[in-house]
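Sequence lines, in order, name chains A and B. For the first sequence, the positions run 937 to 1207 when the working numbering is used. For the second sequence, the positions run 1082 to 1337 when the working numbering is used.
Just so you know, the hints here were simulated from the structure itself, not pulled from any lab data. For each residue, glycine too, the CB sits at the ideal point set by N, CA and C. Accuracy of the hints is not assured; some may be wrong.
[To be verified] To list a few chain A residues with every Cβ distance to chain B over 12 angstroms, as calculated: (1) Ala1021; (2) Ala1088; (3) Leu1101; (4) Pro1180; (5) Arg1181; (6) Ser1195.
[What the hints assert, rightly or not] Partial selection, computed: residues in chain A whose CB lies under 8 angstroms from chain B: (7) Ser991; (8) Ile1000; (9) Phe1001; (10) Ser1002; (11) Leu1018; (12) Tyr1024; (13) His1030; (14) Ala1043; (15) Pro1044; (16) Asn1048; (17) Ala1051; (18) Ala1072; (19) Tyr1095; (20) Ile1159; (21) Val1163; (22) Trp1190.
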Amino acid sequence: MHAGVALAALASFENVHKSFPQPAGPSLEVVAGIELDIAAGDFITILGPSGCGKSTLLNMLAGIFSPTSGRVLYRGVPVNGLNLATGYMTQNDHLLPWRTIAHNVRAPLEINHVARAAADRRVAELLEIVGLSAFARSYPSQVSGGMRKRAALARLLAYDPETLLLDEPFVALDAQLRLVMQSELRSLCRRLGKTALFVTHDVDEAAALGDRCIIFTARPGRIRKIVDIDLPRDRDVLRLRHDPRYSAISASLWEEMASEDRSGPPPGATP
Amino acid sequence: MKSIWLARLLFAAALLGAWQYASGRYISPLYVSSPSAIGARLVELIADGELFRHMWITALEAGLGFLLGGSAGVLTGLVLGRARRVAEVLDPFLMGFYSLPKIALAPLFVMWFGIDIEMKIIFAAAIVFLMVFLNTYSGVRSVSRELITIFRLMGASERQVVAKVVVPAALTWVFAGLRLSVPYALVGAIIGELIAANRGLGYLVERATTQFDTAGAFAAIAAIIFLSVVLNALVSWIERRLMPWRSVEESREMAV
């Protein structure tokens, strides 16, 4: 019985299809036949060409819209309406420009009526974690893109969602900063026991961050392959570059993506 | 900065000088009066308190119309901005009303509300309402849906989304609408006064011209400009007080 509970998926997609009606012509099928189980604590990267419906998967798990057919289950219950156990972070940091960094991080605590003193403590703690304590009173327009991203991450952690939905969150950052953010995200998720779905079209990022990597085909997106990333769970993302296993995994993912290239439309992967 | 002010001063001096010179030499003062005559008339009107009496009435009409129309516009813009379906239904009617030159309604307003101060207030409010409503509505509609979803996932209720995200995000638009409608509030008040009144700066212009007191008409017009500048400054001041992050952004842009 105990084993059964442990094996039960936190989230599952059962034969999920999603199409969107188009103003002219037939409806557009975005994803098809998705079968996927996600265990609690998994860090899953979703890799595929642009426009293959990767984000659609996250949106259905967040309950922003429901599948055209099939079922999306969270903790065994079909997702119906917004799934408040999830938190979203996208390419755009979506900080509120009229609030300081500290007030931005505080927003979810205000929404959930956390007492003032407790909220103060929590905000200070989170800013410490993401290294923004010195910028608590700056407005988003006064800090760099990387800092805004950290602030968005701190805000996401402030309301402590069980599952993090990350849609190419680091795409606009320069290589160095990106690596640092990846490392921080991965270790935070491990430390706080978060489940994460991380959409990317960057093969190296998918290999570095994931416990498992799901490779999508071009539209309509289907799961082409699920690759177990054979790297330690407590890996040091910053040092992966020197790890031969990482290089091998990354190379094999590249290979997968390249074979997609021959059989379908070109992927939008960045080299 | 200093040189700009100097240039402005020179421009004003040249303009007034040319006006003064041309008046009586090339154009009859009956039509254009002259800066000196207008200045003298202005002093007279100020001295006997008449100017301020009329200015106060116009300011009251425009100000109350502005407040009334502005707050109704913001409120309606917020509600319709969040209720997409209702907005879609109402859209052609609002656009029809918007494209109607409001002055065509003035005689009806006289019939409905009489010729007293209420008519001017309501008329000014009607004009301001549309400007502010349309701006607020666009502002609310332009708030990123992704942003709203992120806040919903935090557990925010509709009320919280409106208070914490939509209203502050739309504020820039609201103020753009408010600033645009300051002159329109005055237009409303003064058209009302031109049509039917015995008080106000519009009435003063009307009375002066019927008596061929051109200097008096220009003096009243100068007072209208003054009033408009004051109202504009007031709105800008409130805007800066309510949106401190804007000046931060502006100074940053300057630095770049």
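Are there hints from earlier that the structure breaks, and if so, what are their numbers?
-> Going through the list in order, the structure violates hints 1, 2, 3, 7, 9, 10, 17, 18, 20, 21 and 22 and respects the others.
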